Amino acid sequence: MFADGLFMLFAVLAVLGAAGLVLFRHPMNGAMSFVITLISLAGLYALLSAKLIFALQLIVYAGAIMSLIVFIIMFLNIQPEDLPKEEGKLLNILGALIIVAPIGYFLVKIVNRLPNATTELLGNNFGGVKPVGLLLFKDWLVPFEIVSILLLVSLMGALLLAGKKKEVSK
Amino acid sequence: MEHSVTYLGLIPLFPLMGAVLIGLLHVFTCNRRKLPEMLYGLLACVGPVLSFIMALKIFFALKGMPADERFLSQVAFTWFSVGDLHINMGFLADPLSSLMLLFVTLIGSLIHIYSIGYMKGDKNFGKFFSYLNLFLGSMLILVLGDSPVVMFVGWEGVGLCSYLLISFYSDGTDNVLAGNKAFIVNRVGDLGFVLGMSFLFWGIGSHGFDYMSLKANVHHLAPGVALATCLLLFVGATGKSAQIPLYVWLPDAMAGPTPVSALIHAATMVTAGVYMVARFSFLYAHVELAGTIVAWVGILTALLAAIFGMFQEDIKKVLAYSTVSQLGYMFAGVGVAAYSAGIFHVFTHAFFKALLFLGAGSVICALHHEQNIWKMGGLKKKMPKTYITMLIGALALSGCPPFSGFFSKDEILYSALASGHFGIWAVGVLVAGMTAYYTFRMMFVVFHGEPRDQHAYDHAQESPAVMTVPLIILAVGALFAGFLNLPAIFGGDQMVSHWLAPSVTEHHPHTGLFVEIIAIGASVVAFLIGIKAAYSRFGKGAEEPNFSGFADFAYHKFYVDELYDAVIVQPYKRVGAAIWKTIEPNVTDAPVKSVSTLYMLLGSAFKILQVGYVRVYAIYMIIGLSVMSLFLSQTLN
Amino acid sequence: MIHSYLYLSIILFCLGVVGVISRRNVFTVFMSIELMLNSANLAFIAFSRVHESMDGHVLAMMVMAVAAAEAALALAVVILLHKHKSKLDTNVFSLLKG
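Quick note, the sequences are listed as chains A, B and C, same order.
Under our numbering, think of the first position of the first sequence as 111, with each following residue one higher.
Under our numbering, think of the first position of the second sequence as 42, with each following residue one higher.
Under our numbering, think of the first position of the third sequence as 5, with each following residue one higher.
Take every hint as true, because none was put in to throw you off.
Think about it this way: if two alpha-carbon atoms lie no more than 30 Å apart in a straight line, the pair counts; the simulated DSS-like pairs of lysine-lysine are:
id, chain 1, residue 1, chain 2, residue 2
1, C, Lys101, A, Lys199
2, B, Lys161, B, Lys423
3, B, Lys648, A, Lys199
4, B, Lys164, B, Lys416
5, C, Lys91, A, Lys199
6, A, Lys195, C, Lys87
7, A, Lys195, C, Lys101
8, B, Lys416, B, Lys161
9, B, Lys358, B, Lys614
10, A, Lys195, C, Lys91
11, C, Lys89, C, Lys101
12, B, Lys256, B, Lys104
13, B, Lys648, C, Lys91
14, B, Lys648, C, Lys89
15, A, Lys199, C, Lys89
16, C, Lys101, B, Lys648
17, A, Lys199, C, Lys87
18, C, Lys101, B, Lys634
19, B, Lys426, B, Lys161
20, B, Lys648, A, Lys195
21, B, Lys422, B, Lys358
These are computed hints drawn from the structure, not numbers from a lab.
Since the model is a prediction, treat every value here as computed from it, not as a measurement.
Chain A with its partners taken away, still in its complex shape (with noise of 0.2 Å):
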């Protein structure tokens, strides 16, 4: 039952934060509003078990990527008249919505056809630290490192983008 009260809770919340990052206009507001969406979806992992996404999740997501994302909003320093002027805004999204609409109803239907399962928290160190660091470095041992590759071309690609002064001011 008290499961059952925090999904409720953490659910809301994810739910209400993801509509103000659509809604709002400022982007910081938004970013803010999404980091709520954020935490939320950590205490979700949480009860599904996943002790160690959700603390990746906290410390990754919403400590680092969204800290970055926040400090680039706040190193541009966004004045109003910088923001693009959506008239009609509302209008968009509703239509976005109905357009959308017919995904989700066959993604709900999808999931009605799946079985049920109960989601009692397991013991068993299941999704501990330890566990997953095995799963990841013996059978993800590839996709790994062609992560971490990924992750090197991306930063040399970002120092490659925003780095070079001299040209970029021309």
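Given the structure of chain A, go ahead and fit chains B and C onto it with the hints provided.
For chains B and C alone, coordinates are given in the frame of chain A:
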């Protein structure tokens, strides 16, 4: 019995390699500092001379074999293989082709050497020698090919090179037109050759398409197909060897440099047709009617060309018509199934015609490219070497005993008489007299009498040794080549006829001594009458005559060129223009253009969707997904 | 019950799509993409729980790494955009217009 060797392919390869090498050198240096002419000259002469040495080697190799096993062959590679047709790039040397090889390479080499002197100072010296080598290489492929298809490669090669060389002085419109004419007229003949080849393949090609297999299977050929094949192949020969009705290109071909004329007339190109008929002797022997037609076309061409030759004023055109006339003799010879006589005339003709052309070139060079005989005269004293050698050539051409032309021409006329073709013989004797007349008309006007153009005469001088030495060698050939086939009546043993016997299918008619004496006597009398007539009119010097009546008609070559132009060329052009102006834009172009218009319209309709915003493309994608989802969710329940 | 988690994942995904196609602010669009990635992560973790295997966890980590890489590059692009055009509008790029 197969005698396979590996060096046959080298013979055409030497000149072809020379052509490529000289051509590349010329291409890479023509815009910058020129290479010395001697380098080109030496490079150009190496190929033909090496080929000549190889030809000698082959000749002696064949000579060392028993008479009925005399052939060498080489299959370089399989060229292509389609259905029943398997064509090898194969070469065949038998007595016939080895004889051709010998004089083609010998005379080709001499002409190359002579050209070094003649072309001195020309700005396209390298290009000229590249073409010349290519010409010789093509001719050698033609001679050596072991199947009609390989022969056709050389056949087309010499056609191409004649075009390139006739229009070599490409800054004059007339020269280019003459080259075009030669090429187009040859195309007509080549069509006949290709059709003949197709008929032959259709008939007996499935048993192998080289000469040996064809010869073995010729009796399977239906008579009608055989006749059609013979006549179509002969159309090819009339194109290449300038017979009625396709002879018109050869006189115009004089537009090219004189050594080219010599090469075309003596060693390569025009002899190809005679060689081809002799090569297919097994086929022509199979169909007697075809041979008769060939013989009559030949002898009529000889008559026509002799009439034209009597009234020409350009020294090279006189010689050109004499070539057409002599080719007519050759076809008369091969037509009456005297193949060895025809080929022997090709052989002797190569010597004296090359000699006459090179001599004429020497005269033309000395007079600074003056070709009108009515501007010459009295050159005997100025150019003694040229005079004497040309005199030998003229005597040989006219058929004066014991020069080479006499024996070969007499052999043909005797064969015609002996095989019962009385009409051909009579016309042949008449033409022999006319030949003597126009040849000595030219000789008397050019070398005897008083100079008609004093200024040019004063500046004339004997040509350098590089030009006169080939003349002397050829003169020796023109003098003595006839003795190679000395008939029995003069105590000879007809070496050439015996040599060619394994290659050609012929039968020697046996007639009495009486017939032979009549033939020889008539030829000699015709020669004497001809030379007497020429001497009485031109021997003491004569002025340029004004033609009238029949002479004027003949001077204008019976208006055959104009007739062809009016009947074939102009209507063809009109049809072409009509197609170009009406059918092309309305029938062929219209659908193509409307298709492109349709796509333009479609494109501009769909262009509206391309708004350029990334967001909108995402919307398109999501709409697509939505539609898919709607559809797929129907399948779920 | 596991269906609730999956429904939540679908809702978040759809909201992400709506954000991407309806908004013009680059930051919002970018964060909407992150939202879609997170909804996928949630589905991964949920299925991982159902099957009681931890492969879904590993995949979620991979997605996070990709999101981090994407963040680095996308923010570099945003900085460039702001430097060149002083705007944060996705509609300034219309080079593909036909």
